[in-house]
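There are 2 protein chains.
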Amino acid sequence: MPNFPDRVHICEEGPREGFQIEPGPISTAAKIRLIDALSETGVEHIQTMSFVDPRRVPGMADATEVLRGLKVKPGIEYSALWFNERGLRQALDIGFLSIEGKITLYPSETFLKNNLGRTPEEHRRKLGDLLRKYGAEGIPVRRVSISSAFGCNFQGETPVDVVVRLVREALEIADEHDLTIETVGLADTMAWGTPESVKRTVGAVREKYPDMTLSLHLHDTRGMGIANAYAGLQMGVAHFDGSIAGLGGCPFAKHKGAAGNVCTEDLVFLCHELGIETGIDLDALIEASLIAEEVVGHALPGKVAKGGNLTALRSKSGTAH
Amino acid sequence: MPNFPDRVHICEEGPREGFQIEPGPISTAAKIRLIDALSETGVEHIQTMSFVDPRRVPGMADATEVLRGLKVKPGIEYSALWFNERGLRQALDIGFLSIEGKITLYPSETFLKNNLGRTPEEHRRKLGDLLRKYGAEGIPVRRVSISSAFGCNFQGETPVDVVVRLVREALEIADEHDLTIETVGLADTMAWGTPESVKRTVGAVREKYPDMTLSLHLHDTRGMGIANAYAGLQMGVAHFDGSIAGLGGCPFAKHKGAAGNVCTEDLVFLCHELGIETGIDLDALIEASLIAEEVVGHALPGKVAKGGNLTALRSKSGTAH
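In order, the protein sequences belong to chains Z and G. Just add 9 to the spot in the first sequence (first one is 1) and you have the working numbering. Just add 9 to the spot in the second sequence (first one is 1) and you have the working numbering.
If you are wondering where the hints come from, they were derived from the structure by calculation, not from laboratory data. Treat the hints with care, since some could be wrong.
[Claimed, not checked] Lysine to aspartate or glutamate pairs mimicking EDC-like chemistry, simulated, CA-CA at most 16 Å apart: (1) G:LYS208 <-> Z:GLU282; (2) G:LYS142 <-> G:GLU109; (3) Z:LYS142 <-> Z:GLU94; (4) G:LYS135 <-> G:GLU185; (5) G:LYS325 <-> Z:GLU166; (6) Z:LYS325 <-> G:GLU166; (7) G:LYS208 <-> G:GLU178; (8) Z:LYS208 <-> Z:GLU166; (9) G:LYS111 <-> G:GLU94; (10) Z:LYS208 <-> G:GLU282; (11) G:LYS82 <-> G:GLU53; (12) Z:LYS217 <-> Z:GLU185.
All of these numbers come straight from a predicted model, not from anything done at the bench.
This is chain Z alone, in the form it adopts within the complex:
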């Protein structure tokens, strides 16, 4: 028998992933409608919006209005992203957002240079500044994250030992700042992962750091998302990010059916069919997925929302054999 977890925890990132990349314009009311629908599904965590420069990401210009318009549901953790002091202030102003920092390291110097314009040394210095600020503000940091943990378009495959070294370095940085890390996130940012590389990397990190909770962020750009999640489940991983209806899309081919993050309802379907609890009502999630398509105005890549849940078919058919 595989080492499946009893319970899987999903962080829903669809709104943030989708609103930042969709050409829209999507009305504030439509954004609220989608996030409110997600709040009714049983999902525990929703990453809602980003506080970023509206000239660069017009879909996030109404982040504050969207958040202030939500029917905030007790028991759900709502989060947001920010990339500078100003964004952090805006996120703190909302009041009900879960504000946490994390330590993110990158195996690819080229990616770091291209994306953040930093050398690894500069990145660590800036990370240090940020962590001191979090400390001063009382903002918790419980998570480290390794970007491009399975491969990167600039530097190719990410060797397992590089990932293990980056986790060690991230934990050393945490130590220097008296932080207690609980979770190690492995992100397949550029969709290089395969079920086997997921197993190898998860296995190696777990062997070194058996007390850490592992979390997977799996992009579906090459169609391996669900298979990679299954590999993670086989390794006992219980924390996954997902994106409703597969919202997001990859920069190579947005709006052509290519996906960003693994589709939440397909992942929940997989879990339920394997007998793994998620606390999520799949039918409500499918409704939210159909709302996501309405909100963006075109078909999205998720499958189960079109193919249908099996529960109704099962109860109709009984145990006919």
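Assemble the complex: chain Z is given as a structure, and chain G must be docked to it using the hints.
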């Protein structure tokens, strides 16, 4: 280490699956263009067209013209479907088609009744008539196939022991007609399969019939196609059907991104990334996938054709770590 096969054999069913369901109209030249492109990929078997009533399936009205227009490539097995004597005659007339019969059994009496209008007894009688005809014509029958081997919308889950019993019955029917069966096909016709049910069913059939070649036909209606194929690979299955770009679509939601058969290029990508040979040139397959989208005039669900092969990125990046 998983029990992966060294070599996977793929039967490309995209043209037949696609042309029968796409609203089109797709010109004869466009159909020829797609099949000819597939002939250049290294794929060993292409299921091309169906000889059916053109009033019921207008996309197959030009089956003969399409086949006569192909650049037939030596070494590739081209096949077609037929459902009656007239269709069989038309297929035989083409000359270069691989003409084989198979024995298909159905776990669901309701499906059999709804789809073919037959009771199980009638089905077996008609199957007997057909096998006698094949015998008289010298048409080989080397394959049995179990439809809805993992579940069915009318009767729910298909228990493993039902599949094993149906395989036994199919082999008994073959024996009665002096046929030597080499391959057992398990079809997830209505997309009820999960990686675990694929493993259980493949395992049970293999245990009883270790000398049979097993083949999987996996519909991706609920997004489990690639994960189910991975489960099959973990069990050593080396024969899969695939559909270029995910052509086909399910009747629930055609042309909305919902898939029919598992996408061939995504499956080939998975195999190659796992180090399994397919004999297929993935870049040529991606080209064929883009042609498929041109031919049908809309985006199709395949991912790798949009996300891109890793080979070029890999050689560009070298072993940078």
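To see whether the hints hold, each was checked on the structure:
1. G:LYS208 <-> Z:GLU282: holds (14 Å)
2. G:LYS142 <-> G:GLU109: Measuring from Cα to Cα gives roughly 12 Å; hence the hint holds.
3. Z:LYS142 <-> Z:GLU94: Status holds; Cα separation ~9 Å.
4. G:LYS135 <-> G:GLU185: Measuring from Cα to Cα gives roughly 14 Å; hence the hint holds.
5. G:LYS325 <-> Z:GLU166: Holds - the C-alpha atoms of GLU166 of chain Z and LYS325 of chain G are around 12 Å apart, at most 16 Å.
6. Z:LYS325 <-> G:GLU166: holds (12 Å)
7. G:LYS208 <-> G:GLU178: The hint is violated at about 22 Å.
8. Z:LYS208 <-> Z:GLU166: holds (15 Å)
9. G:LYS111 <-> G:GLU94: With Cα atoms ~15 Å apart, LYS111 of chain G and GLU94 of chain G stay inside 16 Å; holds.
10. Z:LYS208 <-> G:GLU282: OK: LYS208 of chain Z and GLU282 of chain G at ~14 Å, within 16 Å.
11. G:LYS82 <-> G:GLU53: The given pair, whose Cα atoms are some 10 Å apart, holds under the 16 Å limit.
12. Z:LYS217 <-> Z:GLU185: violated (20 Å)
Consistency note: the structure conflicts with the earlier hints numbered 7 and 12.
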